[in-house]
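Q: These protein sequences, in sequence, are chains A and B. Counting with my numbering, you get residues 1 to 454 for the letters of the first sequence. Counting with my numbering, you get residues 1 to 454 for the letters of the second sequence.
Do not take every clue at face value.
Which copy? The list can't say, so a pair holds if one copy fits it or any two copies do.
List of simulated lysine-lysine pairs, DSS-like, C-alpha gap at most 27 Å [to be verified]:
hint, residue 1, residue 2
1, Lys-430, Lys-154
2, Lys-124, Lys-285
3, Lys-90, Lys-5
4, Lys-90, Lys-124
5, Lys-124, Lys-5
6, Lys-154, Lys-90
7, Lys-90, Lys-11
8, Lys-247, Lys-5
9, Lys-407, Lys-75
10, Lys-75, Lys-247
11, Lys-401, Lys-315
Since the hints were derived computationally from the structure, they do not count as laboratory data. The structure presented is a predicted model; accordingly, all values stated were derived computationally and were not measured.
Spelled out from the first residue to the last, the chains are:
Protein chains: 2
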Amino acid sequence: MPQYKYVLEEKDVPTQWYNVLADMKTPPPPYRHPATLELLGPDDLAPVFPMALIEQEVSQERWIDIPDEVQDVLKMWRPTPLYRAARWEKALDTPAKIYYKWEGVSPPGSHKPNTAVAQCYYAKEEGLEGFATETGAGQWGSALCFATQLFGLKCKVFMVTISYHQKPYRRIAMETWGGNVVPSPSSETKAGRDILEKDPETTGSLGIAISEAIEYAVTHDGWKYSLGSVVNFVLLHQTVEGLEARKQMEMAGDYPDIIIGCAGGGSNAAGLIYPFLKDKLDGTKPDLRAIFVESTACPSMTKGIYAYDWGDTAKTGPVCMMHTVGHSFIPAPVHAGGLRYHGMAPSICALLDQGIVEARAYHQNAVFEAAESFARAEGFIVAPETAHAVRAVYDEALACKESGEPKVILFNNSGHGHFDLAAYDAYHRKELPDYELDQVAIDRALAELPKVPA
Amino acid sequence: MPQYKYVLEEKDVPTQWYNVLADMKTPPPPYRHPATLELLGPDDLAPVFPMALIEQEVSQERWIDIPDEVQDVLKMWRPTPLYRAARWEKALDTPAKIYYKWEGVSPPGSHKPNTAVAQCYYAKEEGLEGFATETGAGQWGSALCFATQLFGLKCKVFMVTISYHQKPYRRIAMETWGGNVVPSPSSETKAGRDILEKDPETTGSLGIAISEAIEYAVTHDGWKYSLGSVVNFVLLHQTVEGLEARKQMEMAGDYPDIIIGCAGGGSNAAGLIYPFLKDKLDGTKPDLRAIFVESTACPSMTKGIYAYDWGDTAKTGPVCMMHTVGHSFIPAPVHAGGLRYHGMAPSICALLDQGIVEARAYHQNAVFEAAESFARAEGFIVAPETAHAVRAVYDEALACKESGEPKVILFNNSGHGHFDLAAYDAYHRKELPDYELDQVAIDRALAELPKVPA
Numbered sequence: 001m002p003q004y005k006y007v008l009e010e011k012d013v014p015t016q017w018y019n020v021l022a023d024m025k026t027p028p029p030p031y032r033h034p035a036t037l038e039l040l041g042p043d044d045l046a047p048v049f050p051m052a053l054i055e056q057e058v059s060q061e062r063w064i065d066i067p068d069e070v071q072d073v074l075k076m077w078r079p080t081p082l083y084r085a086a087r088w089e090k091a092l093d094t095p096a097k098i099y100y101k102w103e104g105v106s107p108p109g110s111h112k113p114n115t116a117v118a119q120c121y122y123a124k125e126e127g128l129e130g131f132a133t134e135t136g137a138g139q140w141g142s143a144l145c146f147a148t149q150l151f152g153l154k155c156k157v158f159m160v161t162i163s164y165h166q167k168p169y170r171r172i173a174m175e176t177w178g179g180n181v182v183p184s185p186s187s188e189t190k191a192g193r194d195i196l197e198k199d200p201e202t203t204g205s206l207g208i209a210i211s212e213a214i215e216y217a218v219t220h221d222g223w224k225y226s227l228g229s230v231v232n233f234v235l236l237h238q239t240v241e242g243l244e245a246r247k248q249m250e251m252a253g254d255y256p257d258i259i260i261g262c263a264g265g266g267s268n269a270a271g272l273i274y275p276f277l278k279d280k281l282d283g284t285k286p287d288l289r290a291i292f293v294e295s296t297a298c299p300s301m302t303k304g305i306y307a308y309d310w311g312d313t314a315k316t317g318p319v320c321m322m323h324t325v326g327h328s329f330i331p332a333p334v335h336a337g338g339l340r341y342h343g344m345a346p347s348i349c350a351l352l353d354q355g356i357v358e359a360r361a362y363h364q365n366a367v368f369e370a371a372e373s374f375a376r377a378e379g380f381i382v383a384p385e386t387a388h389a390v391r392a393v394y395d396e397a398l399a400c401k402e403s404g405e406p407k408v409i410l411f412n413n414s415g416h417g418h419f420d421l422a423a424y425d426a427y428h429r430k431e432l433p434d435y436e437l438d439q440v441a442i443d444r445a446l447a448e449l450p451k452v453p454a
Numbered sequence: 001m002p003q004y005k006y007v008l009e010e011k012d013v014p015t016q017w018y019n020v021l022a023d024m025k026t027p028p029p030p031y032r033h034p035a036t037l038e039l040l041g042p043d044d045l046a047p048v049f050p051m052a053l054i055e056q057e058v059s060q061e062r063w064i065d066i067p068d069e070v071q072d073v074l075k076m077w078r079p080t081p082l083y084r085a086a087r088w089e090k091a092l093d094t095p096a097k098i099y100y101k102w103e104g105v106s107p108p109g110s111h112k113p114n115t116a117v118a119q120c121y122y123a124k125e126e127g128l129e130g131f132a133t134e135t136g137a138g139q140w141g142s143a144l145c146f147a148t149q150l151f152g153l154k155c156k157v158f159m160v161t162i163s164y165h166q167k168p169y170r171r172i173a174m175e176t177w178g179g180n181v182v183p184s185p186s187s188e189t190k191a192g193r194d195i196l197e198k199d200p201e202t203t204g205s206l207g208i209a210i211s212e213a214i215e216y217a218v219t220h221d222g223w224k225y226s227l228g229s230v231v232n233f234v235l236l237h238q239t240v241e242g243l244e245a246r247k248q249m250e251m252a253g254d255y256p257d258i259i260i261g262c263a264g265g266g267s268n269a270a271g272l273i274y275p276f277l278k279d280k281l282d283g284t285k286p287d288l289r290a291i292f293v294e295s296t297a298c299p300s301m302t303k304g305i306y307a308y309d310w311g312d313t314a315k316t317g318p319v320c321m322m323h324t325v326g327h328s329f330i331p332a333p334v335h336a337g338g339l340r341y342h343g344m345a346p347s348i349c350a351l352l353d354q355g356i357v358e359a360r361a362y363h364q365n366a367v368f369e370a371a372e373s374f375a376r377a378e379g380f381i382v383a384p385e386t387a388h389a390v391r392a393v394y395d396e397a398l399a400c401k402e403s404g405e406p407k408v409i410l411f412n413n414s415g416h417g418h419f420d421l422a423a424y425d426a427y428h429r430k431e432l433p434d435y436e437l438d439q440v441a442i443d444r445a446l447a448e449l450p451k452v453p454a
């Protein structure tokens, strides 16, 4: 058997983040104001985000220093291990060499604290009292409650109602870390009350929860809003994954032919992919393939259009150029709650539009079939979101078996599924729906896109 | 901030287990036959356990080689990290230096696979088809399903009924790894049917589930029984923890004054403690303190007696000299299901009887108070069993604060509590009962101890 794990020491935690915008020939178009649709300035974002993060959002610097205090907290669990999936390769009888970055070792169990910690550091520096945020399946909310607690900040989490009731353990974990969690839509915001009035039985959505969190932040002194994906600074913070993985792939003596990650807003995939994609953008590795994997229930990249859209349902957040199925689209209740976002990170969308990266979508049953195969060989039971990446790896590995090519595949094992086992149970019982895309709903949502001036 | 993690490489996975029996001046008295109460020979155990394990059970060799194949599987997650709990020390304002071995990084999330993997290797070598076992909260069953799957063996798990229904996620995890799980008592064994006939509403117990698993094993060709704690060979396999921790404490430049672990059957605590206790047994470290922590709901070491007793309720397993509250005692339904065993590992009991190690018991609320304090500082939400060790560390750290002594405390963070969050919820809601010891029930159980010939 080959070596399984490539481990780094605490001194190997990256000291700088990598900013892909510096290497893109055509960066994503600028954000627009949610009401006027005019170009957005830093001051427009100041009531929502800490100023240091707004500066990072528009930075063109290739390398941005990671503050010592952030590095110090990251060292609680980083560097994370890089695994060679030797047993899974054997089970799949593939000549492919499969590696994965294992982010499930963080206390909240996913990659999400990589940015939560950084955001809390800047919030503390700015003298804030607390952060409001949204969460779907709960991975992001867990990460932010964990991080706010470490920095002595308060945390208010609007959790999509269906997940709040289906995943009580996530809520309890957030409370154990000191967070205050309410189901969304809630009666605590105007956005929530408006939705509840129209539809008291609604199961909620990430778009609604974002609207509530933004409203809560801007109407409470000393509070701002924290976002767990989509925007540039979040993807930036996640590049610690790929920067570590580069060193670890060197230890393994390999370089990936294909890198794969699941994508809801896109941050875990981009965090692993961007530091390698640098080599494609500068021409060193022109053949490198990068695949972002989404759910057929919310196929922004594979079925949506590339257009300006609001980031949230109540149209209070910035308007971004992105692949979208429309801000008012409410996706089917797939278990991968983190993939139920109507849009996608603008930087990923620009790269996709330019043909530099690829996108793919899967149905639930295909996803859990691959995840169970992975669990039985490698042991780890991955999150439903992550399982989408696992399916893409599974297909690429079987393609290698077919072609006989010993390709090197790297993927982001972005989190464990310990709070999502009902999904595996439904798969075992053959009760997992493969949601068909509702084109009528998408068309209706797309008709509501903003009319942005040329 | 000091260094947080002391990590080893795969080549540092131990190549030999440490057998404490070789260094005990007075080893535990031999096992007795469950029916005749005469001394037990290896042949008596042959229908129950693989022969290689029976040989390990009675071995007096100090060092026992770990087969290459077992090392290879252990490398899937071992060596596990040793953490310095620097943030918790600060939160407790203690001069104590607190270290913990973090076993939650294994795919099943606890220390249990350390022995599950070894047992499956020997079972495969012997040509067996499968293992039957019991599980309480599910940590042991998870570990065995994970390990049997890797070795191509089948797994039948009798899961204590109350946990089967309270912890469905554990059951689903076992099924995801290919195991077959039934609530115990079940109708699949005579032992189970007898109990169900007397009390159809019983919530079950570990003692009953052990009886069912043994019966299933001895009545099915090619099947044997796998036990997750208590006996010598299990504690032997767990010494990889302490052997790694010795190297890691050297890296940290410290040696523990106090080592602490929670104890149901005693294997996680012994696994960490025994390789250090060697130094006390040979006189090098006479002042080393080792504390085994149990639940007040099942206080075998602190309220039971030191006597011969059956290991299981149906009196089909070996009779051992141990601290016991009686094989027929059914403990209150504390969340720490793994601490609801009526006895304790015979080697630990002999050391306790000889005054070489210490024992302590805690109520649930004290335990979760400390676990939440730990989670808020260190991030990790530990299992209810492990939380008992955390409470003992908390008390020792506060004693150091009182006395001003900078003692070095090492404990076994034996597993995560991701499947046990209902316990934290009950704690938050102040709905967690502190079960008072039912002395009448213990006295009744102790009256049923076997009358072993002198």
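Q: Now, for every hint given, state plainly whether the structure supports it.
A: Structure-based check of all given hints:
Proximity of Lys-430 and Lys-154 under a CA criterion of 27 Å is satisfied inter-copy only: 22 Å between copies versus 42 Å inside one chain copy. Taking identical chains as interchangeable, the C-alpha atoms of Lys-124 and Lys-285 are never at most 27 Å apart, the minima being 40 Å within one chain and 46 Å between chains. Within a single copy, Lys-90 and Lys-5 get their C-alpha atoms as close as 17 Å, which meets the 27 Å cut-off; across copies the closest is 32 Å, which misses it. Taking the shortest alpha-carbon separations for Lys-90 and Lys-124, only the inter-copy value of 19 Å comes in at or below 27 Å, while the best intra-copy value is 48 Å.
In the homo-oligomer, the alpha carbons of Lys-124 and Lys-5 lie at most 27 Å apart only across protomers (25 Å), although the nearest pairing inside one protomer, at 36 Å, exceeds that limit. For the identical chains of this complex, Lys-154 and Lys-90 are inter-copy neighbours only, at 20 Å across copies versus 47 Å inside a copy, given an alpha-carbon limit of 27 Å. In this assembly of identical chains, Lys-90 and Lys-11 lie within 27 Å of each other by CA distance solely across copies; the values are 22 Å between and 34 Å within a copy. Proximity of Lys-247 and Lys-5 under a CA criterion of 27 Å is satisfied in both settings, with 13 Å inside one chain copy and 19 Å between copies.
In this assembly of identical chains, the alpha carbons of Lys-407 and Lys-75 lie at most 27 Å apart only when taken from different copies (24 Å versus 32 Å within one copy). Taking the shortest alpha-carbon separations for Lys-75 and Lys-247, both the intra-copy value of 17 Å and the inter-copy value of 20 Å come in at or below 27 Å. For the homomeric pair Lys-401 and Lys-315, neither the shortest alpha-carbon distance inside one copy (47 Å) nor that between copies (53 Å) is at most 27 Å.
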